[in-house]
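Can you build the whole structure from these sequences, using the hints too?
Chains as they are written, first to last, in the numbering used here: chain A, 1 to 291; chain B, 292 to 559.
Incorrect hints may appear among the rest.
[As the list claims (entries may be wrong)] Calculated from the model, a selection of chain A residues having no Cβ within reach of chain B, i.e. all distances over 12 Å:
#	residue
1	54
2	118
3	193
4	261
[As the list claims (entries may be wrong)] Computed beta-carbon distance windows for the label pairs:
#	chain 1	residue 1	chain 2	residue 2	range
5	B	522	A	283	52 to 60 Å
6	B	352	A	205	51 to 59 Å
7	B	522	A	10	56 to 64 Å
8	B	548	A	203	17 to 25 Å
9	A	32	B	366	28 to 36 Å
10	A	197	B	305	40 to 48 Å
11	B	521	A	235	21 to 29 Å
12	A	93	B	520	39 to 47 Å
13	B	351	A	4	56 to 64 Å
14	B	338	A	102	49 to 57 Å
15	B	353	A	181	56 to 64 Å
16	A	56	B	508	36 to 44 Å
If you are wondering where the hints come from, they were derived from the structure by calculation, not from laboratory data.
Virtual Cβ for every residue (Gly too), placed ideally from N, Cα, C.
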Amino acid sequence: MRLHDNRAWFLVLPAAAVMVFVGLLPLVTVLNFSFHDIFSLDQVYWVGMDWYAEIITSSRFHASLLRSLAFSAIVLSVQIPLGIGVALLLVRSGRMGLVMLLLVAVPLVVPWNMIPVMWLNLVNPRTGLAGLAMVWLGIGFDYKFTALHTWILLVVMDTWHWLGLVVILSYAAFSGIPQPYYQAAAIDGASRLAVFRHIELPRVTGALSIVLLLRFVDSFMIYTEAFAINAGGPSGKTTFLSLDLGEEIKGFSYGTAAALSMVYFLIVLTVVWAFVTLTENRKRHQERAIE
Amino acid sequence: MTKPGPAFLWFRAVAFAALALLILLPLAQTILLSFIATLPHDGVPLGEIGLVNYRNIFATPALVASIWNALIYVLLNVALCLAAGLPAAYAFARFRFTGDRHFLFLMLAFRVTPPVVLSLPIFILFAQVNLVNSPVGIALVHCLFNLPIAIWILERFISAIPRAFDETAFIDGHTLPSFFFRHLIPAIAPGIGVAAFFCFIFSWVEVVFARILTVTGGKPMTMAINALFTFQTDIGLVMAMTVFSLLPGLAMIWFVRNHISRGFEIRT
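The following block contains the structure:
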């Protein structure tokens, strides 16, 4: 049992100071900027909620929002089932499974700006392994000018990058299931589907909610990789929310950029709040079940 | 469990082969190109296979410096996260206090906030306090996502130790700092290792902050690679640098192989 003692704040103080400096202070700055029109840092005019009104009603924002939502939806519906499936295979494969687990972890430790470089070289029709194979098979792959191909490249690349995260967390959850559960199910003659539905799935909901949170936020705000692949093109077909923001910052429109940043932060905050609420409800539910 | 049938074994073999192919293909491409001379160099004809790209890395002072720059801020960040994270983790493991849940919520929010959202104000703020182009600036700003990770990992390890361990030490006359150094840190050494490795790797792979905070100098490895893209890019050299940038991560995976899921845990 943890004691209630407010002197514990002294122990949290260094961490809190760092978080205030690199997190809270910039956030307050961005909030302040978002209410102003900023020509230079000395010429600042109050505009109130104008930027927000402009963003919320602009068709550009709606289009980017829809694209980001679509990207997240595709990414989640590919990576989550695939990751769970791979993890289920790996837990049953002993040492070989462990080797594969370390292998799928490799893309997670590649610097983010290197990932698009690696993939662009891979699909290069003159020198890339995949590019040459596609030429040989007669597939015309043109990620520069065909929107569908840019999307495919982005989804495949993102799956390569992040599948390991889904696999690792699901694997950790599955390997924590005690053997007697499976033995009891075998005695009852439960089908494979029933084992998954009633034993495995409930045990991984906690891990899965973390995966969902991390994967949703990261895919929804994808920037480095998407920008390097095609800079939002062809003709804006892969301009996601973060790429819009990057453009505002590069164009020195600080006021709009700040308001956009605030809108994105509020989206993230809402998602985190939903995650925390759901997690706590589940915990309370489990505690009641134990009683 | 029942013994798997031959159909399952075949399915598994095919699935593993497909997965390994997907993961290894881009890596194979990178390693392959890193050994090929993609631009003609003195005495090395185009397309020759050899170590010319790796030799060129060490012949280019800017590239060597960039490796050091990256190492400096990453190690500084690890030190910062551990120094600030350990007392905080102890507080969360042992005490409840007013506002503790709000603090955890805020840490989670900052952990998942995309860097691009805060990049503009952080640049302006850091420019005012002279932290641009300095490894200290990047080390500090990477705490935004690494400090929460360090606190969550360390908190789990400390919570696993019974409270009696602390109380015995305090009865023996240890003050809080001497308890930390003499007892707590040795007892959770594996946890400190795991936290350090994850902070190292997440700082190593981050590029948005690393880019905006190095305008003219102190460029880290990832940015030095970006700078190699010119009118006539020596893609072999780029790939050789990429191979270098992969090495710390690969070593890390090996060191934390038994704790690999910890880097992605979240506490509410």
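### Task
Go through the numbered hints given earlier and state which of them the structure violates, listing their numbers in rising order.
2, 4, 10 and 14
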